[in-house]
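Protein chains: 2
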Amino acid sequence: MSKIRVAVAGYGNVGRGVIAALKNNPDMEIAGILSRNPERVKQTCNDVPVMQIADMDAWLTALKADVAILCGGSKDDLPIQGPMLAAKISTVDSFDNHSRIPEYFKMMDDAAKESGHVSVISTGWDPGIFSMERTLANAFLPGSRAYGFYGLGESGGLSMGHSDALRTIPGVADARQYTHAVTDAIDKVRAGENPQFAPGDMHTRECFVVLEDGADQEAVAEAIRTMPGYFAPYKTTIHFVTGEFLKEKCSGFPHDGLVVAAGTTGNGNAASVEYRCKWQSNPEATANVLVAHARAAVRLANENRSGAFTILDIPPAYFSIHSKEELLKKFM
Amino acid sequence: MSKIRVAVAGYGNVGRGVIAALKNNPDMEIAGILSRNPERVKQTCNDVPVMQIADMDAWLTALKADVAILCGGSKDDLPIQGPMLAAKISTVDSFDNHSRIPEYFKMMDDAAKESGHVSVISTGWDPGIFSMERTLANAFLPGSRAYGFYGLGESGGLSMGHSDALRTIPGVADARQYTHAVTDAIDKVRAGENPQFAPGDMHTRECFVVLEDGADQEAVAEAIRTMPGYFAPYKTTIHFVTGEFLKEKCSGFPHDGLVVAAGTTGNGNAASVEYRCKWQSNPEATANVLVAHARAAVRLANENRSGAFTILDIPPAYFSIHSKEELLKKFM
Chain A
96 MSKIRVAVAG
106 YGNVGRGVIA
116 ALKNNPDMEI
126 AGILSRNPER
136 VKQTCNDVPV
146 MQIADMDAWL
156 TALKADVAIL
166 CGGSKDDLPI
176 QGPMLAAKIS
186 TVDSFDNHSR
196 IPEYFKMMDD
206 AAKESGHVSV
216 ISTGWDPGIF
226 SMERTLANAF
236 LPGSRAYGFY
246 GLGESGGLSM
256 GHSDALRTIP
266 GVADARQYTH
276 AVTDAIDKVR
286 AGENPQFAPG
296 DMHTRECFVV
306 LEDGADQEAV
316 AEAIRTMPGY
326 FAPYKTTIHF
336 VTGEFLKEKC
346 SGFPHDGLVV
356 AAGTTGNGNA
366 ASVEYRCKWQ
376 SNPEATANVL
386 VAHARAAVRL
396 ANENRSGAFT
406 ILDIPPAYFS
416 IHSKEELLKK
426 FM
Chain B
96 MSKIRVAVAG
106 YGNVGRGVIA
116 ALKNNPDMEI
126 AGILSRNPER
136 VKQTCNDVPV
146 MQIADMDAWL
156 TALKADVAIL
166 CGGSKDDLPI
176 QGPMLAAKIS
186 TVDSFDNHSR
196 IPEYFKMMDD
206 AAKESGHVSV
216 ISTGWDPGIF
226 SMERTLANAF
236 LPGSRAYGFY
246 GLGESGGLSM
256 GHSDALRTIP
266 GVADARQYTH
276 AVTDAIDKVR
286 AGENPQFAPG
296 DMHTRECFVV
306 LEDGADQEAV
316 AEAIRTMPGY
326 FAPYKTTIHF
336 VTGEFLKEKC
346 SGFPHDGLVV
356 AAGTTGNGNA
366 ASVEYRCKWQ
376 SNPEATANVL
386 VAHARAAVRL
396 ANENRSGAFT
406 ILDIPPAYFS
416 IHSKEELLKK
426 FM
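Protein chains in written order, with this note's numbering: chain A, 96 to 427; chain B, 96 to 427.
Since the hints were made in silico from the structure, they are not lab data.
If you're wondering where the values come from, they're calculated on a predicted model, not measured in any experiment.
Among the hints, a few may not be true.
Quick partial rundown of chain B residues pointing at chain A, CB under 10 Å, derived from the structure [what the hints assert, rightly or not]: (1) Arg111; (2) Trp220; (3) Arg285; (4) His334; (5) Pro349.
Here are the simulated lysine-lysine pairs, BS3-like style, with alpha carbons at most 25 Å apart [as the list claims (entries may be wrong)]: (6) Lys98/A to Lys118/A; (7) Lys208/A to Lys118/B; (8) Lys425/A to Lys342/B; (9) Lys419/A to Lys170/B; (10) Lys208/B to Lys424/A; (11) Lys425/A to Lys373/B; (12) Lys419/A to Lys425/B; (13) Lys419/A to Lys201/B; (14) Lys424/A to Lys201/B; (15) Lys170/B to Lys283/A; (16) Lys373/A to Lys283/B; (17) Lys201/A to Lys170/B; (18) Lys424/A to Lys419/B; (19) Lys98/B to Lys118/B; (20) Lys373/A to Lys373/B; (21) Lys424/B to Lys208/A; (22) Lys419/B to Lys425/A.
Even for Gly, the Cβ is constructed at its ideal location relative to N, Cα and C.
Whole structure, please, built from the sequences with the hints as guidance.
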């Protein structure tokens, strides 16, 4: 059987994770890398074709890809690249701006339906696996609420978004932000209280900040603590550190999370479900999930389905390399 | 919108759980109870129609059910009732004899395809949710193995099958069996060792046994410890207790379990996923999952699908009471 050929759009952390993940999935292979700056990518990657993403007809002809995995950012890349590529090929992406998912779904659904392709949007671990676990917890325990917690381990989970936010502050040379779950809040959910939380009740934030020469430490700290949305609602700890410290102690992209819901069955018997994941590399974890969704996208396309899909619209078997017979025999 | 009308076949612990669960799902309602012994059921349940399950045409006409949830046992009831009902109506069941699932699937697929109905088989929490989590763990972490552990809490999980097995031993008046997970084994899996386990490495078994008058305690203990499959492969603890003890301390059907898989992403970064559930009432938990699958069965049937399905063949959104718009907005 011929392998599923995957074009990887973007060569950042997630894109490199996808390339590594494809090697662990024997039914798939990389067709090539699509980039806005192919010459730069070629400097570090010369064993696969690298092509200009905007030259659609050229790479569609040359790479013969079955599906493209879009590894760009949700803010600037995907709203442009998503519909552009969905007009030509089946796609998978990790669009993660939760409040704009309905709007992005519509945009991708229109493009993919018109072109007759399949676009799986907003997958990874959250949105993605966690969305599915929230939906199933609610379906199997009606009346319960599913809560998401992040950074359960001692060192917390590295938030790229919050690290980026820190780096926008004048005087900050570099920074990392670790999210910590509040243990008491998890206990309340597990106890079936279905509590009303403000964001600050569930998580705290720990910042490691390298100042620029001559920067005003107090002014930077004040700017962090009062930043709306990102830090103002949370208990925030700030450590001012050296660039060396950041390099030695804050490398890598560890993250973890928990979906937890508790309620009752029947006439008041306690019931709870939890899903937990733990990743030494957050972008590689996202990449692994994207690759399994690329398999599903191709299968859906082979059934002449078209339009946008989320993980909620796809039967779990479609993600698996195993045949229906194997799944019935070994996984049920 | 009219409610989904559910016929409940069987009035044991799971059947009563289904009746209770339907009250927590406002889009569904009970159409009636089907039993081999309607007169006996009517003694405790007189607010819904109770009909003889064998009088198919009579209850199909009278109850106008959209789907039947089959709550009988996997050994004697479902292999007969399953195909019989699938020939006339969409069905959902919790057939849980893992090694015979492929054979049962075929039998139900043939019956349901011929009649043009949908039969969702082998669902609940294991097989069911756990089957799905095993499949997804393997798809998202290729090369990892998913392990199932049961009885993680201090008092363990009540196994009906093992309790039944104890009661078949001459001299045993009544008994309960609690399964305990071996904590060290879980730790090995979490550490990414993907170990090879014998069944006895993962679980121990704790028995509470009430003897019949004059029974030979040593002979009963020997019969338990040497029972193939059920107890011989496990470290087994036996407590001989009074009927009063059993009634006071061993009532209810608590159970819990864990699916856990650990592996790596990319070039060797550690990654693990876990799903845990905890039920004060095991049969009610199974019932809750069955009811959500009845919703999915009706939706599949409304799309003119037919044949047998497992949880692996159904998009998660089909289990939810919420609309596609709500799911995109609130659950993604």
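To see whether the hints hold, each was checked on the structure:
1. Arg111: Holds, about 8 Å.
2. Trp220: The hint holds - Trp220/B has a Cβ within 10 Å of chain A, the shortest such distance being about 9 Å.
3. Arg285: For Arg285/B, the interface hint holds, since the closest Cβ of chain A sits about 9 Å away, which is under 10 Å.
4. His334: Violated, about 25 Å.
5. Pro349: At 9 Å from the nearest chain A Cβ, Pro349/B passes the 10 Å test, so the hint holds.
6. Lys98/A to Lys118/A: With a Cα-Cα distance of about 12 Å, the restraint between Lys98/A and Lys118/A holds, given a limit of 25 Å.
7. Lys208/A to Lys118/B: Violated, at roughly 39 Å.
8. Lys425/A to Lys342/B: Not OK: Lys425/A and Lys342/B at ~38 Å, beyond 25 Å, violated.
9. Lys419/A to Lys170/B: holds (24 Å)
10. Lys208/B to Lys424/A: Answer holds: Lys208/B to Lys424/A is near 21 Å, not above 25 Å.
11. Lys425/A to Lys373/B: holds (24 Å)
12. Lys419/A to Lys425/B: With Cα atoms ~32 Å apart, Lys419/A and Lys425/B exceed 25 Å; violated.
13. Lys419/A to Lys201/B: holds (12 Å)
14. Lys424/A to Lys201/B: Holds - the C-alpha atoms of Lys201/B and Lys424/A are around 12 Å apart, at most 25 Å.
15. Lys170/B to Lys283/A: violated (41 Å)
16. Lys373/A to Lys283/B: Given that 25 Å is the threshold and the Cα spacing comes to 15 Å, the pair holds.
17. Lys201/A to Lys170/B: Cα-Cα ~48 Å, so violated.
18. Lys424/A to Lys419/B: violated (32 Å)
19. Lys98/B to Lys118/B: Holds. Lys98/B to Lys118/B sits at ~12 Å (cutoff 25 Å).
20. Lys373/A to Lys373/B: holds (21 Å)
21. Lys424/B to Lys208/A: Answer holds: Lys424/B to Lys208/A is near 21 Å, not above 25 Å.
22. Lys419/B to Lys425/A: Violated, because 32 Å separates the two Cα atoms, which is more than 25 Å.
The structure fails hints 4, 7, 8, 12, 15, 17, 18 and 22 (numbered hints given earlier, in ascending order).
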